[in-house]
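Single-letter residue listing:
Protein chains: 4
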Amino acid sequence: MKDVQNQKDDRNVYLQRVGIRNLSYPITVMDKTNGYQDTVAKINMYVDLPEHFRGTHMSRFVEVLNKYRLGIDPKLIRQMLEELRTKLKASTARVEIEFPYFLVKEAPVSGQKSFLSYTCRIEGQKTFEKYDFLVGVGVPILTLCPCSKEISEYGAHNQRAVAWINIRSRKLVWFEELIEYAEQAASAPVYTILKRSDEKYITERAYENPRFVEDVAREIALKLNADERIFWYRVEVESFESIHAHNAYACVTKYKEE
Amino acid sequence: MKDVQNQKDDRNVYLQRVGIRNLSYPITVMDKTNGYQDTVAKINMYVDLPEHFRGTHMSRFVEVLNKYRLGIDPKLIRQMLEELRTKLKASTARVEIEFPYFLVKEAPVSGQKSFLSYTCRIEGQKTFEKYDFLVGVGVPILTLCPCSKEISEYGAHNQRAVAWINIRSRKLVWFEELIEYAEQAASAPVYTILKRSDEKYITERAYENPRFVEDVAREIALKLNADERIFWYRVEVESFESIHAHNAYACVTKYKEE
Amino acid sequence: MKDVQNQKDDRNVYLQRVGIRNLSYPITVMDKTNGYQDTVAKINMYVDLPEHFRGTHMSRFVEVLNKYRLGIDPKLIRQMLEELRTKLKASTARVEIEFPYFLVKEAPVSGQKSFLSYTCRIEGQKTFEKYDFLVGVGVPILTLCPCSKEISEYGAHNQRAVAWINIRSRKLVWFEELIEYAEQAASAPVYTILKRSDEKYITERAYENPRFVEDVAREIALKLNADERIFWYRVEVESFESIHAHNAYACVTKYKEE
Amino acid sequence: MKDVQNQKDDRNVYLQRVGIRNLSYPITVMDKTNGYQDTVAKINMYVDLPEHFRGTHMSRFVEVLNKYRLGIDPKLIRQMLEELRTKLKASTARVEIEFPYFLVKEAPVSGQKSFLSYTCRIEGQKTFEKYDFLVGVGVPILTLCPCSKEISEYGAHNQRAVAWINIRSRKLVWFEELIEYAEQAASAPVYTILKRSDEKYITERAYENPRFVEDVAREIALKLNADERIFWYRVEVESFESIHAHNAYACVTKYKEE
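Chains as they are written, first to last, in my numbering: chain Y, 399 to 656; chain X, 399 to 656; chain F, 399 to 656; chain D, 399 to 656.
Hint data in this document are derived by calculation from the structure and do not stem from the laboratory. Computed from a predicted model, the values in this text were never measured in an experiment. Among the hints, a few may not be true.
Said to hold, decoys possible - Computed list of lysine-lysine pairs in DSS-like fashion (alpha-carbon distance at most 25 Å, straight line):
{"hint": "1", "chain 1": "F", "residue 1": "K406", "chain 2": "Y", "residue 2": "K593"}
{"hint": "2", "chain 1": "X", "residue 1": "K487", "chain 2": "D", "residue 2": "K593"}
{"hint": "3", "chain 1": "Y", "residue 1": "K465", "chain 2": "F", "residue 2": "K503"}
{"hint": "4", "chain 1": "X", "residue 1": "K400", "chain 2": "X", "residue 2": "K473"}
{"hint": "5", "chain 1": "X", "residue 1": "K598", "chain 2": "D", "residue 2": "K406"}
{"hint": "6", "chain 1": "X", "residue 1": "K652", "chain 2": "X", "residue 2": "K528"}
{"hint": "7", "chain 1": "D", "residue 1": "K528", "chain 2": "Y", "residue 2": "K652"}
{"hint": "8", "chain 1": "X", "residue 1": "K440", "chain 2": "X", "residue 2": "K465"}
{"hint": "9", "chain 1": "X", "residue 1": "K503", "chain 2": "D", "residue 2": "K465"}
{"hint": "10", "chain 1": "D", "residue 1": "K621", "chain 2": "Y", "residue 2": "K406"}
{"hint": "11", "chain 1": "X", "residue 1": "K593", "chain 2": "D", "residue 2": "K406"}
{"hint": "12", "chain 1": "F", "residue 1": "K487", "chain 2": "Y", "residue 2": "K485"}
{"hint": "13", "chain 1": "D", "residue 1": "K400", "chain 2": "X", "residue 2": "K593"}
{"hint": "14", "chain 1": "F", "residue 1": "K511", "chain 2": "Y", "residue 2": "K440"}
{"hint": "15", "chain 1": "D", "residue 1": "K406", "chain 2": "Y", "residue 2": "K652"}
{"hint": "16", "chain 1": "F", "residue 1": "K593", "chain 2": "Y", "residue 2": "K503"}
{"hint": "17", "chain 1": "X", "residue 1": "K430", "chain 2": "X", "residue 2": "K465"}
Sequences and hints are given; from them, build the entire structure.
Here it is as structure tokens:
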């Protein structure tokens with residue numbers, strides 16, 4: 399059967415990325431407490447395509463993924479990318495994996511337990527010489543507006559927000575550690591179950607810790623600056639302002655070695 | 399050229415709805431203040447398909463829409479549905495139109511003007527004897543939790559929420575009127591521009607008017623009960639809880655004639 | 399601590415549904431082949447709220463869910479709803495659960511195995527006398543246009559589509575059975591891995607089996623009509639037309655006992 | 399009233415971007431045929447925030463937008479960004495605007511006219527010395543698989559796809575021109591109304607012009623290479639594969655001056 403993808407291409411256009419996108423797939427990731435966690439990911443996989451080939455072989459991406467989906471960790475991702483490079487005769491291979499990741503949280507006063515969902519991501523890219531690996535978390539938090547508190551007789555507007563932290567590190571950093579950085583930087587963390595005693599605690603804690611999105615971004619940045627394993631980060635905080643129908647946003651990116 | 403859609407079908411399955419979905423189209427709707435407003439809609443259009451026809455003629459839906467898109471009002475929607483019934487040899491025709499609709503809002507203290515976007519919808523359905531017409535609005539609002547306020551020393555969690563009102567009425571009810579019902583029932587309305595004096599006002603107003611989603615739904619219901627033009631309604635309120643990553647919800651549906 | 403939710407309400411508005419929405423939670427569902435399958439669900443839970451109560455107790459929904467999340471089956475859902483009714487002093491309890499569900503599929507010629515993701519849903523509602531239970535699947539399929547094939551010298555436009563089947567039944571019907579009904583009714587099923595021999599097979603099979611969305615809906619309806627366990631169904635087919643930027647749609651609902 | 403945002407910050411963290419996101423706003427953009435077109439945009443606006451300020455003033459973004467929203471063109475965007483820099487005492491200002499943009503298209507044989515929606519975007523960023531301006535279009539197209547055509551006895555799988563073109567140019571390039579590049583590179587363009595004669599034409603044209611996503615990306619790249627106004631581009635093509643539930647993707651980025 400003819401291999402149309404393998405045809406010679408004379409348009410002389412190098413494609414940095416060709417591959418598959420938005421694949422929903424069951425995977426197993428590392429879990430600091432329990433060893434591993436089953437979840438459902440959205441996956442993108444790419445290689446580059448030299449000028450002289452017409453197309454890539456899309457089915458091979460999933461064949462390789464099938465071998466590695468049960469052990470998504472930094473070392474195996476590297477191996478998977480190397481295998482993709484070989485199987486697809488490419489110089490660069492890249493993968494992007496995003497998935498819900500659950501932690502059991504205890505309510506601050508009642509101690510009631512429930513799961514909270516965090517959006518985690520892993521990105522890996524490999525050439526012959528270089529391996530780039532990025533880890534990210536999206537953490538739902540509560541922000542209470544310092545300006546609103548200061549100028550108002552009583553109350554202060556507050557809202558759900560999300561803090562995104564993406565890092566590159568020399569040693570393993572757990573999702574759990576990044577999540578903790580984000581929750582400590584917030585006016586308050588959020589929970590799935592809160593009894594009345596907990597709700598009182600969270601309400602008062604948030605009022606005592608007013609934070610702009612700018613404050614949360616900076617507080618997280620200070621923690622990432624102090625963590626010597628991390629050499630690059632991007633922090634984004636977006637709050638679903640309760641007094642507006644649009645969002646407030648703050649972002650800081652830093653390559654620490656500079 | 400053969401008309402495959404017109405082929406006789408012997409599977410004996412009547413289809414209640416066949417048609418087109420998720421069409422993005424420029425339309426003009428009625429505006430209480432300015433006469434009309436240009437916007438961009440997502441449109442679904444359907445007819446029913448008798449047992450003995452194999453398919454409907456999808457291109458005719460858009461041909462009919464083209465004639466009416468510049469005058470989306472209750473009377474013309476009725477005419478459009480009647481034309482769909484004829485052109486597609488159907489007994490029932492149906493249209494669903496959803497679009498952003500903008501009002502100029504003045505900030506409560508500074509008087510600063512800005513646009514706020516509301517999600518409006520129109521649904522019409524027509525058979526030989528009956529014409530059903532529904533109008534809906536989605537209104538962003540602020541809700542402040544009465545329980546949190548009551549049990550906490552200071553502060554109270556609050557958040558962005560959305561109130562959905564859908565109605566059937568004997569006489570024209572403007573989007574603007576439904577929007578006002580929703581905003582009055584909230585702990586506070588939301589705005590696109592708020593200066594500090596406005597932010598103080600909204601923060602304090604919300605603290606003085608704590609409302610569960612249940613309260614907002616009921617307050618809106620009271621207004622709709624009192625409006626004699628309206629004979630059916632559904633009110634839904636969903637708040638993006640600032641202390642959780644999930645939402646709180648309340649819904650009431652009423653056919654007033656019963 | 400004061401229980402604001404328990405306050406007497408004198409607005410005299412009964413709320414059909416109050417509760418929580420869009421909760422992301424880890425659950426375990428029944429799997430015909432393997433016994434069970436871990437997945438991640440979006441969950442809505444509601445009760446009704448009598449006129450005389452001000453609010454419901456949102457944290458109790460998740461407390462009940464925690465007890466049942468590892469055994470999502472028709473019998474346990476019933477028990478869970480009964481417990482919700484009691485715990486929340488409600489007459490009606492309702493749950494809606496939607497999740498990705500994976501099956502291993504073998505490519506038709508090469509036999510290569512890969513996972514395909516289906517969107518499954520379960521809805522349960524319970525009052526004192528009645529228990530309503532609904533099962534649904536969303537199945538990605540391929541449709542090839544019979545009109546395009548008939549009128550063209552060569553080729554025929556085809557596209558990804560999705561078939562939604564929702565049923566109520568007297569006996570257990572597996573997701574796997576509904577998925578098979580949808581895939582058999584399509585021009586061809588879709589797969590995650592297809593080698594060239596498989597791609598040839600699917601391309602030719604689709605060309606030999608041209609189907610409008612109307613055809614797919616009717617073919618599925620015939621199968622559901624013949625399945626005596628099922629007493630109600632709704633079939634919806636929506637195709638992402640390759641020649642348009644909007645979708646084609648067909649829907650049939652039937653209560654078979656009538 | 400105290401200005402909390404203006405407080406001195408001693409955390410020593412510079413924020414590259416602070417501002418507002420996901421604002422829905424009515425705007426007027428340039429239209430090659432009709433002079434201008436009203437539409438509804440999603441808008442993000444940012445400035446940078448020096449180490450020593452605690453927060454930015456979010457309301458000023460919308461005040462500035464209000465002055466420019468009726469004339470979204472490259473020159474006025476530049477002026478708007480300069481005004482943002484001054485009003486917010488920032489060194490960098492940035493805006494991202496995305497909106498549906500409609501063209502009237504004539505069906506290829508019947509000549510029937512209808513609107514087709516394209517997703518357009520504008521990004522501008524300004525510092526004291528530099529002004530960066532980017533224009534983008536998202537174009538729905540049809541792709542027919544060359545491999546499937548080659549290996550199959552009859553037929554070939556095809557599907558809706560979208561081509562994204564983003565460019566930086568020395569002179570004005572109209573959305574209309576980029577859209578034409580994308581549609582010419584596809585197996586066939588898509589339309590909102592197609593009569594049977596048109597459907598035959600499009601089906602056959604697509605079969606005669608099989609294109610991988612890789613081919614479409616390269617064909618567009620050749621056109622952009624030849625257009626001397628353009629000095630940077632990114633082309634992305636993503637097809638909603640009819641034989642899979644995931645997508646195929648190709649991307650090429652080029653800075654032509656290198």
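Okay, the hints, checked on the actual structure:
1. For the hint linking K406/F to K593/Y, the alpha-carbon distance of about 21 Å falls within 25 Å, and the restraint holds.
2. For the proposed pair K487/X and K593/D, the alpha carbon gap of about 18 Å is at most 25 Å, so the pair holds.
3. The hinted pair formed by K465/Y and K503/F meets the criterion: a straight-line CA distance of about 16 Å does not exceed 25 Å.
4. With a CA separation close to 37 Å, the supplied pair K400/X and K473/X exceeds the 25 Å bound.
5. For the given pair, K598/X sits about 22 Å from K406/D by alpha-carbon distance, which is consistent with the 25 Å threshold.
6. Using a Cα cut-off of 25 Å, the hinted pair K652/X and K528/X holds, with the two alpha carbons roughly 20 Å apart.
7. Annotation: proposed proximity of K528/D to K652/Y holds, straight-line Cα distance about 22 Å (limit 25 Å).
8. Distance check on the hinted pair: K440/X and K465/X sit about 17 Å apart at the alpha-carbon level, within 25 Å; holds.
9. Note on K503/X and K465/D: the hinted pairing holds, with a Cα-Cα distance of about 16 Å set against a maximum of 25 Å.
10. In summary, the hint linking K621/D to K406/Y is supported, as the alpha carbons are separated by about 20 Å, within the 25 Å threshold.
11. Restraint check for K593/X and K406/D: the C-alpha separation of about 21 Å stays at or below 25 Å, so the hint holds.
12. For the given pair, K487/F sits about 61 Å from K485/Y by alpha-carbon distance, which is inconsistent with the 25 Å threshold.
13. Annotation: proposed proximity of K400/D to K593/X holds, straight-line Cα distance about 12 Å (limit 25 Å).
14. Between K511/F and K440/Y the alpha-carbon distance is near 19 Å, which keeps this suggested pair within the 25 Å criterion.
15. For the given pair, K406/D sits about 22 Å from K652/Y by alpha-carbon distance, which is consistent with the 25 Å threshold.
16. For the hint linking K593/F to K503/Y, the alpha-carbon distance of about 45 Å lies beyond 25 Å, and the restraint is violated.
17. Between K430/X and K465/X the alpha-carbon distance is near 23 Å, which keeps this suggested pair within the 25 Å criterion.
Against the hints set out earlier in the document, violations occur for numbers 4, 12, 16.
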